[in-house]
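In this note's numbering, the protein residues as written are 63 to 498.
No lab work stands behind these hints: they were computed from the structure. Bear in mind that the values here come from a model prediction, so they are computed numbers and not experimental data. Yeah, the Cβ is synthetic: ideal placement off N, Cα and C, and Gly gets one too. A few of these clues could be false.
DEER-style ranges, computed between Cβ atoms [claimed, not checked]:
1. 441 - 472: 21 to 27 Å
2. 342 - 488: 53 to 59 Å
3. 181 - 343: 39 to 45 Å
4. 109 - 342: 52 to 58 Å
5. 345 - 490: 34 to 40 Å
6. 343 - 265: 48 to 54 Å
7. 83 - 342: 45 to 51 Å
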Amino acid sequence: MRRILDRVPTRLADRIVLPDDPRYRLLRSTYTTVGHPAVVVLPRSADDVAAALRLARETDLRVAVRSGGHGLSGNGTNDGGLVIDLSALHRVDVLDRRARLVRVEAGARWAQVARALAPHGLAISSGDHGNVGVGGIATGGGVGWLVRRYGLTIDHIRAVEVVLADGTVVRADAETEPDLLWVMRGAGAGAGIAVAFEIEAMELRQVGHAQLVAAIDPAGDTLRRWAEAGTRAPRELSTAVVLSSRGGTTAAFIQAVVASDREPVIRRALAPLLEIGDVRVRQAHIVPYTEVLPSAQLHANTAQMPSSTTNGLLTELSPAVARGLVAATAAPDPVLVQLRSVGGAAHDVDPAATAFAHRHQNVLVVASAFPPDDRAVLRTGWAPLAPHMDGAYVNFDSAPSGATFARAYPGATGTRVTELWRRYDPEGVLRPRAWA
């Protein structure tokens with residue numbers, strides 16, 4: 063510990079949290095993973111981040127970077143290393159209301175962003191929980207409540223302020239460092255530390271928000287109809303599904319968000335969901351977007367939800383996959399299955415335009431299992447489904463590996479990502495160990 067304290071620069075003197083600090087308990091872990099870092103740094107600027115990286119280099123400590131701390135991989139913490147916690151970098155500013163351009167610091171959480179933009183009548187599609195941090199989504203992809211209307215979060219990032227592994231602070235935009243901008247939008251974790259984003263928001267104050275329950279048959283026909291309804295529904299509709307089985311009966315709990323405050327538009331968007339089978343509407347309201355990402359979801363992340371998670375993308379939900387999803391949910395050792403609609407505006411972007419190349423799929427499947435046998439249960443439940451998947455989303459994998467990389471960054475995309483990671487971080491300081 064002495065070797066760390068002796069090396070702490072003056073600018074970080076009041077921004078260091080050691081294990082004997084009362085704050086350490088609330089800062090050492092992510093949502094899913096207990097960490098025991100030697101030191102946590104709470105930077106308040108890009109220069110502080112650069113100083114933290116220098117401290118890690120001088121003390122030979124492994125680096126982890128955390129924005130919100132939900133990160134399912136656990137890479138937002140470590141044991142015995144240095145964690146750069148960006149939570150003090152949480153400003154949200156409207157730079158140009160006419161152009162809908164906003165600046166969001168990487169340590170903000172999406173409930174804070176929604177609340178800050180609401181008085182301006184603006185919103186960003188950004189995950190499905192208010193406690194998720196901006197930095198992780200805005201460098202990995204961003205499948206949110208408005209994805210079919212808005213696209214991915216990364217699709218509207220116009221510039222990123224990045225601290226490279228050597229401590230250099232760089233602005234990446236279309237004219238300056240376009241290669242860095244490309245890789246930061248979808249594969250940023252291995253290239254640099256994003257400290258702020260300039261993002262083009264959309265005009266939005268209120269949304270239609272509906273909660274529905276559908277009975278699911280063993281063959282999964284109702285699930286297939288949900289997927290088909292999602293592809294033909296108006297783009298204003300984005301949905302997420304959680305499957306649950308009890309007493310031999312499987313149900314789908316569906317949350318639907320319609321990116322409009324007009325009742326006729328909302329009714330038209332929800333109509334295809336009401337035709338998929340035995341559906342009950344629990345509630346449907348027009349609400350401010352801040353109620354979809356409420357501030358009540360903000361909390362410290364203390365490894366309160368240990369789990370193992372994997373995912374895959376699908377162009378269509380085939381009979382085999384639908385049956386497999388129901389079987390995994392209803393098994394004696396069940397897997398928690400979540401489905402998210404994608405497509406719509408996310409398809410409008412050229413697959414080569416960002417490091418997120420998956421621009422033809424319509425469904426994201428996420429599978430999770432929980433201790434004590436989470437890894438074995440997930441492996442068993444996912445095995446029949448894995449061969450049917452067409453790519454993966456990097457942010458929903460708890461055990462990143464070379465296979466994860468290949469699924470998330472296929473073909474030429476993976477080749478370019480690897481090249482740029484080596485260019486901007488040649489020593490692999492920021493890359494997860496499995497990808498280093």
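Do the hints match the structure? See the list:
1. 441 - 472: 21 to 27 Å: Hint holds: Cβ distance 22 Å, inside 21 to 27 Å.
2. 342 - 488: 53 to 59 Å: Given a distance of about 56 Å, which is inside 53 to 59 Å, the answer is holds.
3. 181 - 343: 39 to 45 Å: Because 31 Å falls outside the window, the suggested range is violated.
4. 109 - 342: 52 to 58 Å: 55 Å, holds
5. 345 - 490: 34 to 40 Å: 49 Å, violated
6. 343 - 265: 48 to 54 Å: 28 Å, violated
7. 83 - 342: 45 to 51 Å: 50 Å, holds
Hint violations for this structure: numbers 3, 5 and 6, all remaining hints satisfied.
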